[in-house]
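Novice: Using the supplied hints, reconstruct the complex from the two chains, each of which is provided in its own coordinate frame.
Residue numbers (our numbering), protein chains in the order written: chain A, 1 to 338; chain B, 1 to 274.
No lab work stands behind these hints, which were simulated from the structure alone.
Misleading hints may appear alongside valid ones.
What the hints assert, rightly or not - Computed Cβ-Cβ distance ranges for the label pairs, DEER-style: (1) Gly29(A) - Leu241(B): 47 to 53 Å; (2) Phe36(B) - Ala151(A): 25 to 31 Å; (3) Phe36(B) - Gly29(A): 44 to 50 Å.
Beta carbons: idealized from backbone N, C-alpha and C, even for Gly.
Chain by chain, the residues:
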Amino acid sequence: METQERPQTSADAAATDDPPDDAALVVEGLSKRFASGEAAVTAVDDVSFSVGRGSVVGLLGPNGAGKTTTIKAILGMVLPDAGSVLIDGIDVYEQPSAAYANVDAMLEGARNDYWRLTVRENLRYFATIGGVDPDSVADRHERLLDQLDLAEKADEAVRDLSRGMKQKVSLASVLATDADVVFLDEPTLGLDVESSLTLRRELRRIVDERALTVVLCSHDMDVIEAVCDRVVIMNDGRVIADDTVEHLLSGDGTQRFAVASSDIDDALLARIRDGFEVTAVTTDGERTRVEVATDSEGFYALTDLLRSTDVALDSVNTAQPDLEDVFLGLTDEGEGRR
Amino acid sequence: MTGQPASETPSGGETPRPASYYHLARAVLVREFLLFVRYPANALGGIVVSLFFFGLLFYGGRMIAGQALTDSLEGIVVGYFLWTLAVGAYSSISNDIGSEVQWGTLERHIMTPFGFAPVALLKGVAKVVRTFLTSAVILAVMLLVTDTTLQLPAVTIAVVAGLAIASVLGLGFAAGGVAVLYKRIGNWLNLLQFGFILLISAPAFDLGWTKFLPLAQGSALLQRAMIDGTRLWEFPAVDLLILVGVAVGYVVLGYAVFEAATRRARRLGVLGDY
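This is chain B alone, in the form it adopts within the complex (with noise of 0.2 Å):
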């Protein structure tokens, strides 16, 4: 790690350098852009079902409520987008975490020199950019379909929905370190991923309370953002504040968990067992 001595290796004098933040940053990354260049069915995969839910949603909708669903077809869209974030990125931490436990792999991450959260914390960047990927595929797809225009305000976008589903990623944490205690029950916790969709429409329901659960502050200033063209900078101070702090409080509480479920396992010694 950076600042430790480096060292002569006994054969080769070869001389082995510590590897820096940046290293353990670019290894997850470029492990995750492998994975998904070399695997892309597990992406397309998912682009279709997502894509295929939203036609029976579009669709469906028309044929049942008309012109109704055409006048809220963009707030519509624009949750939709940031649900396909939202799942996206919780599976794949909480099924990645319940992969590495079966594969052997998270122990090596929790031994590693550099401690196990700047690891996880990276692993959520690259999955949050793999969604973010996979999401905008499905948008543009939304986009056309529906003959909608929306604002998109890249930087902003990018800020306010990367803030909302950095709680997500929290909850992700969260599951799999139950699953890292409890085992088989990923199908269950995937479930919750339903729940978002309350998350997501709670600015409907105009309860002040609700802007601190996970995507609910995040999906407000997403919508005024694509539908009205709001931009980061014109939001009110206390908005963005508490966007961050949501992102922030959630992402500590669910590792907080996550800590807490694989100590348990450690007391247990159900580590690994899988």
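Isolated chain A, as found in the complex (with noise of 0.2 Å):
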């Protein structure tokens, strides 16, 4: 599942290949309900994916759609129903601790670390519950506390700083571990905009320089974008795309393109629709622009028919989908197909 020709469905996925050798992480039909009868609810369902040795994994989803279940249930905090989860080999429901050995996560909504100690004391402690003689990576604390701009706080007790520094001392507290397969659920969470482009560009320097593998869950899709090798989009508690980002956005070789006149009236959009998959019209005034899905085929086919009902165009585009728009129209889709 390390490279796809196209997005996967979660019948695909149910089929996938036998996960690659260096797989660090092999989750195979996860599946989770929570309470019974008419009150259940399924959270996670035959989830399976797998991550290699040293990539970037993005989790996607809309709300409610079991990314953090999943993670929890990797993480052993949750345990499922079904399913098996694989950590460098070893089986986390099995063996958790020496699964877990070379694992720390960040989770959503958590401290993750004592607001009561420093920030430099948090990273010493946690290197040491997570199995490293913090006096052996004392420089790689420094290297990380400039990084991630908290050099200058580095003796503050964490409950003083801004809740930006906070969710940084959080991170800083996984990778001060010898951890190389890391769990981070919304790491850039409640950040302005710049310390986000900074966290996310100081994410993928240290994720490269120490090869970690990495579980990254996000809305937003530019960190998405921006850090991940590949994303695993999930709804309704099934996996419904689990491929690289480059292909996600190239699709199926299906483009939008989107033309616009004041000669297209009702009539001539009901065609236009009965031949096309329209994605979008809007009006100003007397203009009106229509974006549909199609290849370069049904493009000149368009401009045929915009031809013979001797229709003057004003502009003709392409609009190139962003990481969002796939991810809304595999959501929808998904919603579509149950």
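Specialist: Written as structure tokens, this is what we have:
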């Protein structure tokens, strides 16, 4: 599942190839239901994916898609009803201490560290808890403090820092260990634009320097695009796509074209809708802009149709979808399938 | 961890060394020490409240009972000293677990390569050491206020009181586990602290089976050590065995309850959902 030709559906995911030999994380058939009877909610439904060593995978999905439950199940914080999770080939439910020996996590909405200790004391404490003699990674800690703009605050109690700085300390305390598999749930939550940019840049640099394997949950598409090699998109507890960012953006060859004219009336619009996948229609005074998703042949067919009806075009543009468009399109598709 | 091979990091040429149990113990104890000296208000508040209640007990009791209270004053001071130790250890461990859940740090301790049990045990030891310091202050003030003299064989007191409150640590783990599962019930669980008074008073009832309750055997032996001056090696071996057995038994039982409760919380998906 490392490289896909097209976005995978959940059915594809279930029938996926064997995970690569160097997979740091393998999730297979993970399912979790909460409550029972009429109140039962399927939070995670037969989720399978793998993450190659040294790669960064983004876990995307709308609220309630099952991302956090999936991460918590991987980390053993939630016990699944079915499925298995292997980290470095070790079953996390059978040998948790061994499986999590090189794993750390930053969970959404939690402090993840001690606010009454200083930034530096947190780094030393969590390095030790993570299984590393803190004296042996003191230089790494200094670099981390520099990279995350925390050096000046290193000896201040975390409780006295701003929300954004606390978020950075939380991330730093995770990276302070010698973990080589890291889970980050909303690492840029609460950060201003500049801090978010700095953090995503430094995060990518640290990931590359230390060849970290990262699973990153975020609602911020810019973070996903900037940091992740691959994206797993979830909806309604299932994996609905699993692909590289590039493949997701290029899709199946379909592009979006926008034509605008004052001559497009309701009858013509109906004919366009009959022959093409219209993704948006906007009007600005007498001018109508129609956006269609089609390939190059379809585009020529559209221009032929417009020419045959003597429409004078004001403009013709291509509209390249961004990750958010892809995400929205896929999750809408997921809604339709249910 | 010990025994793991150290590895070269891709950057900087730094070689991370695995942490040993020594490093783990140092980290946990240093954290506790830092919080103790940096935020003394909590400890001071506990000392003041404890002494306030002792003052009420002492002066109120003397007004009501007069000489009868004075005759049993040594026993009351020793019992109150043990009660402050027990309350300190119990509430700190049960509240600590609740706080760790709220802060999202419990998860990181559960995932540690050391395993959660050694971390929890070291945290318990740290809490006991801290509680001994504050209770020693309370004891000193009580002796001054009541003008009472007690024997203070340090080693005997440390061992007997330490084992006595180990059983309470077990109750603290169990209470922490229940709090993980059912959330905001800390105030109800804190009411259990008043049950410790009965357990500490249990030897007075002279019922054999009460020896196997938490605190009871420790209370009896501590009274003999601090009032009669009995040294550790002068106690009958059976009494010491019961003391050790009760301590180990309740720690193991309490930790088992904690494990079962956190496992249930994980099954329900409520671990960390505060």
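Novice: Next, verify each hint and record whether it holds.
Specialist: Comparing the hints with the structure gives:
{"no.": "1", "hint": "Gly29(A) - Leu241(B): 47 to 53 Å", "in the structure": "51 Å, holds"}
{"no.": "2", "hint": "Phe36(B) - Ala151(A): 25 to 31 Å", "in the structure": "28 Å, holds"}
{"no.": "3", "hint": "Phe36(B) - Gly29(A): 44 to 50 Å", "in the structure": "48 Å, holds"}
This entry satisfies every hint, going by the numbered hints stated previously.
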